[in-house]
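If you read the protein sequences in the order shown, they are chains A, B, C and D. Taking the working numbering, the leading residue of the first sequence gets 63, the next gets one more, and so forth. Taking the working numbering, the leading residue of the second sequence gets 63, the next gets one more, and so forth. Taking the working numbering, the leading residue of the third sequence gets 63, the next gets one more, and so forth. Taking the working numbering, the leading residue of the fourth sequence gets 63, the next gets one more, and so forth.
Keep in mind the hints are simulated off the structure, nothing from the lab. Hints may be right or wrong, so weigh each one.
[To be verified] Taking lysine-lysine and the BS3-like style, the derived pairs with C-alpha atoms no more than 30 Å apart in a straight line are:
hint : chain 1 : residue 1 : chain 2 : residue 2
1    : A       : Lys162    : B       : Lys162
2    : A       : Lys187    : A       : Lys162
3    : C       : Lys191    : D       : Lys162
4    : C       : Lys162    : D       : Lys162
5    : B       : Lys162    : B       : Lys187
6    : C       : Lys191    : D       : Lys187
7    : D       : Lys191    : D       : Lys162
8    : B       : Lys162    : B       : Lys191
9    : A       : Lys191    : B       : Lys162
10   : A       : Lys191    : A       : Lys162
11   : D       : Lys162    : D       : Lys187
12   : C       : Lys162    : C       : Lys191
13   : B       : Lys191    : A       : Lys162
14   : C       : Lys162    : C       : Lys187
Predicted model only: the values in this text are computed from it and were never measured.
4 protein chains.
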Amino acid sequence: MYHCPLRWSDLDAYGHVNNARFLTLYEEARVAMMFVNAREAGLTSFEEGIVVARHEVDYLRPVDYGDPVRIELWIDEMRPSRFTIAYELFDGDLLASRAKSVLVPYDLVRQRPRRLTEQEQAFLKPWLKT
Amino acid sequence: MYHCPLRWSDLDAYGHVNNARFLTLYEEARVAMMFVNAREAGLTSFEEGIVVARHEVDYLRPVDYGDPVRIELWIDEMRPSRFTIAYELFDGDLLASRAKSVLVPYDLVRQRPRRLTEQEQAFLKPWLKT
Amino acid sequence: MYHCPLRWSDLDAYGHVNNARFLTLYEEARVAMMFVNAREAGLTSFEEGIVVARHEVDYLRPVDYGDPVRIELWIDEMRPSRFTIAYELFDGDLLASRAKSVLVPYDLVRQRPRRLTEQEQAFLKPWLKT
Amino acid sequence: MYHCPLRWSDLDAYGHVNNARFLTLYEEARVAMMFVNAREAGLTSFEEGIVVARHEVDYLRPVDYGDPVRIELWIDEMRPSRFTIAYELFDGDLLASRAKSVLVPYDLVRQRPRRLTEQEQAFLKPWLKT
C-alpha cells in the first residue's frame with residue numbers, strides 16, 4: 063500500500079486530477095516497490111533494466127485535490143520474460159481507478175528483452191496475489 | 063493526423079519520453095479533434111461533457127527528444143453512450159506506440175452519463191474507420 | 063514548514079529534479095498556506111482572488127530523487143495591494159534553493175487588482191518575518 | 063524567435079497556462095538555442111555542462127489555450143563564468159511575460175563551475191543585445 067500525496071498542479075482545467083496524471087501516481091507506487099523496496103532488499107537490477115510495454119487504466123470516479131490517495135498494488139501475473147502489476151487507487155474509502163502495467167525485463171547493453179533473474183523472481187513472488 | 067512537438071521536459075531520467083507523458087501527447091491529438099475541430103464545426107458540447115472511462119497504451123519503441131511525433135487517430139467504435147478513439151503514434155516512419163481511449167458523454171448538470179446527441183454522432187461518423 | 067514528497071517524474075534527463083519543477087514544489091507550499099491553512103482559518107478569498115506577478119528562484123545545489131524536501135516559507139513584505147512570499151527549500155540539512163513570489167490580490171469580477179482585505183491582512187501578519 | 067505550441071495540459075485549475083509552466087516554455091526556447099542551434103554550429107558542450115543558477119519571471123497577463131506563443135530570447139549579459147538569457151513571451155501581439163535565466167558553465171567531471179570556452183563565447187556573441 064502506498065500513500066501518494068496529490069499536488070495542486072495535478073488538477074487540469076476541469077478542476078479534477080487529470081486522467082493522464084493518474085499514470086504518474088501509479089508510477090510513484092511502482093517506483094516505491096521496484097526501486098526503493100527492491101533496493102532495500104539488495105536488488106537494483108530493476109532500476110536500469112525494465113521497460114514498460116503496456117498500461118491500462120480504468121477511471122471510475124473523479125479525484126479532487128485533497129488528502130493523499132492510497133494505491134494498492136500487487137503482481138497479477140509473472141512469466142519468464144514479463145510480469146504484470148495491478149493497481150487500485152482509493153480516494154478515501156472509494157475506489158477511484160484501476161490499472162495494469164505490463165513490464166518487460168530488458169538488457170540495456172545488448173538492447174533486447176531478457177528473462178527475469180532468480181533474484182528478481184524471488185523479490186516479486188511475495189507480491190503475487192493468489 | 064496531428065503533429066505534436068515534443069518538449070525537452072517530456073524526457074524522464076532515462077532520457078526518453080516518459081511513458082506516462084504519452085497520454086498527454088494523445089490528449090493533445092484528442093483535444094485537437096474534439097475541441098478545436100469540433101468547435102470549427104459548431105460543436106462545443108464535447109468540451110464540457112465528456113469523461114474518460116479508460117485508456118490503453120502499448121509501447122513499441124522508445125521515443126527521444128527531436129522532431130515532432132505524428133499521431134493518427136480515428137473512431138474505433140461508436141455506441142449510443144460511449145465511443146472509442148484509437149491512436150497510432152509515429153516517430154519519423156516508425157510506429158512507436160498505439161493507444162485506445164473509451165469516452166463517455168456526460169451530463170454535468172445531472173451528474174450522470176448521457177447519450178451522444180445527433181450532432182455529436184454526425185461529427186464523429188466521418189472519423190469512423192471502416 | 064512544509065514537507066513536499068518528490069516524485070520520480072520530477073527528475074529530468076539529467077537525473078536531478080528539473081529546475082522548472084521547483085516552482086511546482088514552491089507552489090505546493092504556497093497552496094498549503096494560502097488555500098488549506100487559510101480555509102481552516104475561515105478565509106477562502108485567496109483561492110479565487112490572487113494573481114502571481116513574479117517569481118524569483120535561486121538554485122544552490124541539485125536535488126535528487128529521495129526523501130521529501132522541506133520548504134520554509136514566510137511573508138517577506140506586505141503592502142496594501144501586493145505581498146511577497148519568501149521560501150527556502152532544504153534537501154536534508156542542506157539549503158538547495160531560495161525563492162520569492164510576488165502576489166497580487168485580484169478582483170475576478172471587475173478584472174482588476176484590489177487591496178488586501180482586513181481579514182486577509184490578519185491572516186498574513188503572523189507569517190511576517192521580522 | 064521561437065514558436066512554442068501550448069498544450070491543453072499546460073492549463074491549471076484556473077483555466078490559464080499555469081505560472082510554473084512558463085518556465086517550461088522558456089526552457090523549450092532555451093533548449094532550441096543552446097542544444098539544437100548550438101549543435102548545428104558544431105557545439106555540444108552546453109548539453110552536458112550548463113547549470114541554471116537563477117530564474118526570474120514576470121507575469122503581465124494570463125495566457126489561455128490556443129495558438130502557439132512566441133518567445134524572443136537574447137543574451138543579456140556575458141561574463142567569463144556566467145551569462146544571462148533574457149526572454150519575452152508574446153501571446154499574439156501582446157507581451158504576456160518576461161524572464162531572465164542566469165546560466166553557469168559547469169565541469170561535470172570535476173564537479174565545479176568553469177569558464178566559457180572560446181567556442182562557446184563565439185556562439186553566444188551574436189545573441190548579445192546591444
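**Request:** Any hints from earlier that this structure breaks? Give me their numbers in increasing order, please.
**Result:** As far as the earlier hints go, only 6 is violated by this structure.
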